[in-house]
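Asks: Residue-level listing of the chains:
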Amino acid sequence: MSDRKLTMSEALREAMAIALEERPEVFILGEDIGIYGGAFGVTGDLYHRFGKERVRDTPISELGIVGTAVGAALSGMRPIVEIQFSDFTAQAMDQIVNQAAKIHFMVGGGLHVPLVLRAASGSGTGAAGQHSQSLEGWFANVPGLKVVMPSSPYEAKGLLLAAIDDPNPVIFMEHKLLYKVAGTEDVPEGAYRIPLGVSRVVREGKDLTVVATGIMVSRVLAAAAELDKEGIALTLIDPRTISPLDMDPVYESLEKTGRLMVVQEAPEHGGFINEVIAKVVTSQSMGHLIAPVARLAGMNVPIPYAPQLEKAAVPQVDDIIKKAREVVANWR
Amino acid sequence: MTIPPLLMGHPLASKEHASYALLTMSRIRKFEEAVEDLFGRGMMHGTMHLSIGQEASPAGVCMALNLNDQITSTHRGHGHCIAKGANLMRMVAELLGKENGYCGGRGGSMHIADVETGNLGANGIVGGGIPIAVGAALSSQLMNKGTVAVSFFGDGAMNEGAFHEAANLAAVWKLPVIFICENNGYGMSSSTELAFKLDKLSDRGLGYGIPGVTVDGNDVAAVYEATEAAVARAKAGEGPTLLEFVTYRWKGHSRSDKNLYRTKEEIDEWKTKDPILHFEHVIKERGLLNDEEIAEQHRLAQEQVIGAVNEAMKGKPADPAGLLDSVFKKVSA
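Protein chains in written order, with my numbering: chain A, 44 to 375; chain B, 1242 to 1574.
A portion of the hints provided could be inaccurate.
BS3-like, lysine-lysine: derived pairs with alpha carbons at most 30 Å apart [said to hold, decoys possible]: (1) A:Lys48 <-> A:Lys223; (2) B:Lys1438 <-> B:Lys1505; (3) B:Lys1415 <-> A:Lys95; (4) A:Lys366 <-> A:Lys272; (5) B:Lys1386 <-> A:Lys95; (6) B:Lys1499 <-> B:Lys1512; (7) B:Lys1557 <-> B:Lys1570; (8) B:Lys1570 <-> A:Lys322; (9) B:Lys1256 <-> A:Lys95; (10) A:Lys322 <-> B:Lys1571; (11) B:Lys1570 <-> B:Lys1386; (12) B:Lys1256 <-> B:Lys1557; (13) B:Lys1438 <-> B:Lys1415; (14) B:Lys1256 <-> B:Lys1570.
Since the hints were derived computationally from the structure, they do not count as laboratory data. Just so we're clear, the structure is a prediction, and the values are computed from it rather than from any experiment.
Pulled out of the complex, with its shape left as it was, chain B reads as follows:
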């Protein structure tokens, strides 16, 4: 299975960039469809949170980041992980509870981290990763690394104290961090109408003295452009930016969700705003990729995901014998 090297730059900059952006979104979608299927067939346990419909955000953001730029992610984090460059086989293996999974079966879907790609980890606590990204940015500032830290979180996290404290600290210290709110309309079942008295969640930036920008989160090019501007600001030492990407999750919050809080019409309406279809339309119109080339990206993505699943299935189940030795990092002599 070949993993394409990370490619930076505008998703519409070239045929190569357009292919890469499409492939990334398709890999996220097909990965999540595959694990949902495994889940439905009883081959995966626990729970998982799917980001189908939200693929433009991780794909567009990560095209504005270097490999050594860091991210913190959320419970709905498969897309961030994949877009930052994670190995699909090790992700599936983790979800299957295998020893060769990213976390050796100790974390599952909500705790995948990948040091090599600057991914400080998904997080099971809403808002938990936001202060951690601020700390990564402080480390960058103190050590003059020239890197940025990005914290992905949902609309729900913006009402956590962690967001408030982290945003303020980052603002007063002018840290190179970007706060990315993927506003998918719901914190589990609570709509943003119930949870906020704001039209644009990015208006919260004003309260911290930092810019807040809202863009169409299903437009991978718009996501890239907003992130790229925030990265430039961060690297210039001007401090953090709050970005709001308006999007929608097609699937329920998690496996227990019966979608009682929203209508089928609303879900169908958002499916017409599919970020992948939207991007295909744009790149065809611009003559960057034709139908065949588009189909090829999806075929590649499918091949990679199937390869990852088949390979992961062969892994050894995680062994309880190693548990106690995994709690602390050994003190070196």
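Just chain A, same shape as in the assembly:
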């Protein structure tokens, strides 16, 4: 097979094209996803390939869009909603949290909501406080939602196809800085699925176990390359889905490393990484720890505008290197 180093946009588009071809009940709806091709170009040419009925431009009505998708999902369709910026899910929160997440449970199982909500997430584009948030923790706190955070083009394609197959509502958080970056792994041309709820061990090392999601996976990998030179070898685990959360590889790794570091872009307070820590310290795994758990997260501030402020507000590669050195050096 020839090299297929796609960007995440291209990989996501392939996944949606496969789903549109495989299943007549799949359709996409969202703002500017048609002729425009999506605010980040993810839907691209799908409008021309599959038509305006199935790649459906909507008015600017996030609550109406998600609610319409919920109703369609209850009635035999499998909608994929694109929310231009994950921040705008706030406009649609009733339909996501009170309706989609709870209908299957509340009505006693007779109905279900096979809905995927894709949203562009995260900072780094100079778009400031209302276009840069990492809101995955909101959704992970709502029973009934699955929350996916792809970390690479290969992962994104397989996870999106699995999310579309899933009979439950899935929030799919795509970091916008990953959209245009070519991955390091080949992306197979055809369909493949990565099951939701299975963590991935990205690399293994003896000194430190790092759990990171989304864009932080590539930042940790960059940091790991530097740390290797210093003789610090880290294991990196990408949960892929923060709800459900597969902790087994973390527990297994801690038996070998004894040190845990958790990294996320979202603000620290109330964030998902705290759940990882809680699960470790309330389990047998606690007995393997030889160092305090290290936590690296976004500052508890809205994402600021100026580039130096924006970078300072969320973990960068250098921050990860520095923190990892501290954990390993201070706790030999």
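Place chain B on chain A using the hints.
Replies: Same frame as chain A, but now just chain B:
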């Protein structure tokens, strides 16, 4: 307990239709009286919202719908559920928190849904069901089902953003959906005079480029006729209609309501416009049913409700052991 098969057609079309319309309204009334009684005696917990006085709307609307036409309902949804054909025993069992209730005790009064009768569910969020009905209608359009979706909601919901976004989407996509505003005069304690600058709430249709029609919501025949016209329009591919049925709830908003915001005289005045008494008067006048036949429908309704309550009481209480397994639908291998 026998549940009459759904009957479509004008409530005054025949003796059979008149009996059916009366029976439906009577079943709703007696169901709600029965659950209010159970509630008052401490045998039901939580809260509930009664639609006594509003029975003509669900009864008339559902006589214009096929079994596979879909509805979304509201917190005040017992009537919609019953008129669409739900099983009374499973409804009572749900309110009693039994395992054999519609939702296995997980939803209660505000979340009963019934897939078999096209009921996508009551809703605890004001306006929450409106976009969902639009989605059901989109599904119908995309899959060429030939069905319509009806969203019932109250006057209060018309000031929610959900109504606005849903109505506009349905209009621009010409979806087969019918928006039914049951205007009972109050959103909890806020009167429509306080909440609207409109005499007719159906005038809002103009803002979306869709027809808006206001009719007497206590006249089951008028309700049917307005719905039937909207169904025909929807099935012809001409898009949505906004219907306003002017009615009144006799009871308070929920159990905590002390009726401080309205007068006893006003409530008594509306009781003279009882949709059931009004219909009885019309069908007698037209010679469709006599006094005995009318009494028979009420007797049947009472029998069904008592049977449902007695049967539901025997159900097993919902078991917490099943809770975690109820959150997600299992992914099939």
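Asks: Hint by hint, say whether it matches the structure.
Replies: Hint check results:
1. Note on Lys48 of chain A and Lys223 of chain A: the hinted pairing holds, with a Cα-Cα distance of about 12 Å set against a maximum of 30 Å.
2. Restraint check for Lys1438 of chain B and Lys1505 of chain B: satisfied, since their Cα atoms lie roughly 25 Å apart, inside the 30 Å limit.
3. Restraint check: the Cα-Cα separation between Lys1415 of chain B and Lys95 of chain A comes to about 15 Å, which is no more than 30 Å; the hinted pair holds.
4. Between the alpha carbons of Lys366 of chain A and Lys272 of chain A the distance comes to roughly 16 Å, so the proposed pair stays at or under 30 Å and holds.
5. Pair hint Lys1386 of chain B plus Lys95 of chain A holds up; C-alpha atoms about 19 Å apart against a cutoff of 30 Å.
6. Taking the CA atoms of Lys1499 of chain B and Lys1512 of chain B, the gap is about 18 Å. The hint holds against a cut of 30 Å.
7. Distance hint between Lys1557 of chain B and Lys1570 of chain B is fulfilled; the C-alpha atoms sit about 23 Å from each other, no more than 30 Å.
8. A distance of roughly 25 Å separates the Cα atoms of Lys1570 of chain B and Lys322 of chain A; the hinted pair therefore holds under the 30 Å criterion.
9. A distance of roughly 49 Å separates the Cα atoms of Lys1256 of chain B and Lys95 of chain A; the hinted pair therefore is violated under the 30 Å criterion.
10. Restraint check for Lys322 of chain A and Lys1571 of chain B: the C-alpha separation of about 24 Å stays at or below 30 Å, so the hint holds.
11. For the hint linking Lys1570 of chain B to Lys1386 of chain B, the alpha-carbon distance of about 25 Å falls within 30 Å, and the restraint holds.
12. With a CA separation close to 40 Å, the supplied pair Lys1256 of chain B and Lys1557 of chain B exceeds the 30 Å bound.
13. Between Lys1438 of chain B and Lys1415 of chain B, the direct Cα distance comes to roughly 28 Å. Compliance with the 30 Å bound is thereby established for this hinted pair.
14. Taking the CA atoms of Lys1256 of chain B and Lys1570 of chain B, the gap is near 45 Å; set against the 30 Å cutoff, the hint is violated.
Taken one by one, the earlier hints fail for this structure at numbers 9, 12 and 14, listed in ascending order.
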